Amino acid sequence: MAERETLEVDILIVGGGPAGMSAALRLAQLQKERGGEPLAIAVLEKAREAGAHMLSGAVLDPSALHDLVPDFTEKGAPLAIDVRRDDIYFLTRAAKLRLPITPPFFRNHGNYIISLNRFVKWLAGLVEAEGIDIFTGFPATEVLYEPSTGSGQAGAVVGVRTGDRGIDRHGRKKSTFEPGVDIRARVTIFADGVRGNLTKALVRRLGLDEGKSPAVYALGIKELWEVPAGRTEAGRVVHTMGYPLKMEEFGGGFMYALPDNLVAVGLVAGLDYRDPMFDPHVAFQHLKRHPVIASVLEGGTLVRYGAKALPEGGWYTIPKLYAPGALIAGDAAGFMNSARLKGIHLAMRTGMLAAETAFDAVRHGDLSDTALKAYDDRVNASAVRTELYPVRNVHQAFGYGTIFGAAFTGLSLVTGGGWLKDPMPAHGGWTRIRKLAEYYKDARPDPESTVNPVKIDRQLTFDRVTGVHYSGTRHPEDQPSHLIVHDASVCATRCREEYGNPCIRFCPANVYEMIDAGDGTRKLQINASNCVHCKTCDIMDPYQIIDWVPPEGGGGPQYEGM
Amino acid sequence: MILVIAEQRDGRLNRASLETIAAAQSTGDTVRIAILGSGVDGVAGELGKADAAEVIVVDDPALKEYTADGWVLALEQLIAAEKPDRVFLAHTYQTRDFAPALAARLKRPLVTDCIAVTGGGYVRPMFQGKLQAEVAVGDAGAHLATFQIGAFRADQMKAGRAPIRRAAVAVDGSKIRQQPDAPFKEARQAVDLSQAERIVAVGRGIKGQEHIELAQKLAQAMGAELAASRPICDAGWLPMDRQIGSSGQTVAPKLYVALGISGAIQHLVGMKGSRTIVAVNKDGEAPIFEIADYGIVGDLFEVVPALIAALNG
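Protein chains in written order, with our numbering: chain V, 4 to 565; chain S, 177 to 489.
Since the hints were derived computationally from the structure, they do not count as laboratory data.
A portion of the hints provided could be inaccurate.
Stated by the list, open to error - Part of the chain V face toward chain S, derived, beta carbon under 7 Å:
no.	residue
1	Met-244
2	Asp-460
3	Thr-464
4	Ser-484
What the hints assert, rightly or not - Chain S stretches covered by chain V per the calculated footprint, using a threshold of three residues with CB under 8 Å from any CB of chain V:
no.	stretch
5	271-280
6	412-423
To be verified - 27 Å max Cα-Cα, derived BS3-like pairs, lysine-lysine:
no.	chain 1	residue 1	chain 2	residue 2
7	S	Lys-383	V	Lys-526
8	V	Lys-458	S	Lys-448
9	V	Lys-458	S	Lys-334
10	V	Lys-444	V	Lys-323
11	S	Lys-430	V	Lys-526
12	V	Lys-458	S	Lys-458
13	V	Lys-249	V	Lys-444
Computed from a predicted model, the values in this text were never measured in an experiment.
Just so you know, even glycine gets a beta-carbon here, dropped at the ideal spot from N, CA and C.
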């Protein structure tokens, strides 16, 4: 049988998104500027190719890009178009009200509409041109720690282990079995994205979230459309509030017009909703049928579909960013500005700052907690804090309803974002979901029904399974489920009774189904190969018994152009 | 002249070879067909029913069982003697095994997995079928091309009478390095649905495992293979190798009968090339009816017994 291999590097970056790629590129720059013995650097990415799992709206604030790649225009950065117009609508079922002025947080002058997939692929090209290895198709599944008997600092992070390949659906080794590789590093930068599986494990083991507010997330569902010419003007950015979400639900819609008659349309829905029957995928279909959106999309064709969670909690939910041998950057740490709906520039910036800290630590041979704290100091002294601190209570304010949230966001501009209690008291998103009996009282709906159904016409509206097809998702079928439900006996009994199996609704990819068990009861079926890696189940399951772990390397969506 | 390398195993012709002959015929060029093996007169006779200039038989005891070395040794000589302008092969597992070595030996370009022949070259899918590339072979010399199964239809192969000739090719068995074992167990069990002319496929509408038998009876009455959409195989009611669709097999039979299949796009991509599609479904709005040639909106438990009775009657 194949032996487990070990690879030694100086700095390992886990996750090849905007944070990871920016960290890698910054390291290459530091090498050139400072000289000395070249450091061994590696980037691990679970997708088959760089950028394949990238999904965002996306409007890019180019501030970090200016600093990282000053000559980005000459280097051909794929910034599709600069934002030319901003509109915000408040929607009701049939009507729209355009806000007469665009609030400052929503002003996008100077920003660009991009495809994050293309942007990250471009960054990956720059990284590879610097001679840094990007190992695509290799998910990291475990954090490696220095044992107490080891030569280094006991408990320090010393790298990661990648996933085994060639295991069948029953957990048996196939003839193609290859054990994962141990990649040992002096500093590991965790940039594994929103609800990253390794950051989650690291934060729990080391208690990095102690004294922080609970993390809060949202789910973003996005489609890329090709629409008939003349429907909209490239560079136009539309945001919507209100319908199809209820006033108690956080979120809103977006529609970004790209060149070549391409339009990105999507819905962001807070994963802290109360209604156990809420179905974000159905809500998104309702949004597309609203005249504001439908008038643009009608007669067009769906090109791509995707979904991904977003960290919405803000400043107070960011965990301790460093531990011996480890740094956390980007979405993995929750660096997103939920008032401005932007995080790519923060991911890039924190990736760069993590790289600077890791570089110094390795050069000085000091990998202690104290040395790595320099990263925290850098973040605090940077534009990241200047931007995030004033809006530190914004998402939490929306927990008191859309009206309070919007009013508070506006007020933050004047007051500096404080509240009577600062941090404003908050709860984990999943704790807010109500039981059917509590929310619906005597009018309890059938869990298999849709409370607010939408007609699936296969022109403008599609079912989940069709969406999965348009996400380009592929996983080899003969492998263990990468969605681990620790106690599936809860599903048909307790969860069905209490919450009506919300997983069948919050999953945007039809991974979870409660199928007929043949004896009048239902049982859970996990269609793991549908999974688009959005992490919603890991976040929102009311019993917190679902763990998302990476599937065999290379599996997942193919977000070309998203 | 185009030389088509046909494929057989244990004296049974691979239907994909007929598709490749159809591809060669579509160019209007002279077509010759080669068949390799030992004691393959039966297959040669079958190939002789195609409209081609000749069928060339390379019969040698060293070719009794397939080996990459044996095939490369034989074809290298055959191609040197016949001097075809192009060599066409079906993109089968066997072809994938030896064609790259053959092309390297001949120092000729190899274009793989083509779906069409154009005036200037070939069309082949890229990026999981999202894009199609037109490929032209740089110099005008001879080259090899392989064709995706299902890209051409076997029933479009023009029939005729081709004389059969034995080629003067001898294979030195001592130069064959591989020793074939019995085929893999999986390979023995696996059903190659792409070879079926008629398919009866069942979906969720079949409701329970105990009803699979009903579909099986219809398949028997029609002389069809039984297949299924994904939920049926996920539930273990039929083995995975009978699954049609993006995570199963891609088929293009003459007749495809879909029973209780709603027509999720993942299923449609695996069977939309079928020549005639018949759908039975209770839901008249089911997307399967958008691509069906004949649709019956009704209960399959009423329709199927009636079909069986009519076929057996």
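Quick rundown of the hints versus the structure:
1. Met-244: With Cβ-Cβ at 32 Å, over 7 Å, it is violated.
2. Asp-460: 10 Å, violated
3. Thr-464: 13 Å, violated
4. Ser-484: 12 Å, violated
5. 271-280: violated (count 0)
6. 412-423: holds (count 3)
7. S:Lys-383 - V:Lys-526: 15 Å, holds
8. V:Lys-458 - S:Lys-448: This hinted pair holds, its Cα atoms lying about 25 Å apart.
9. V:Lys-458 - S:Lys-334: 48 Å, violated
10. V:Lys-444 - V:Lys-323: 42 Å, violated
11. S:Lys-430 - V:Lys-526: 38 Å, violated
12. V:Lys-458 - S:Lys-458: 18 Å, holds
13. V:Lys-249 - V:Lys-444: Holds: Lys-249 (chain V) and Lys-444 (chain V) sit about 18 Å apart, inside 27 Å.
The structure fails hints 1, 2, 3, 4, 5, 9, 10 and 11 (numbered hints given earlier, in ascending order).
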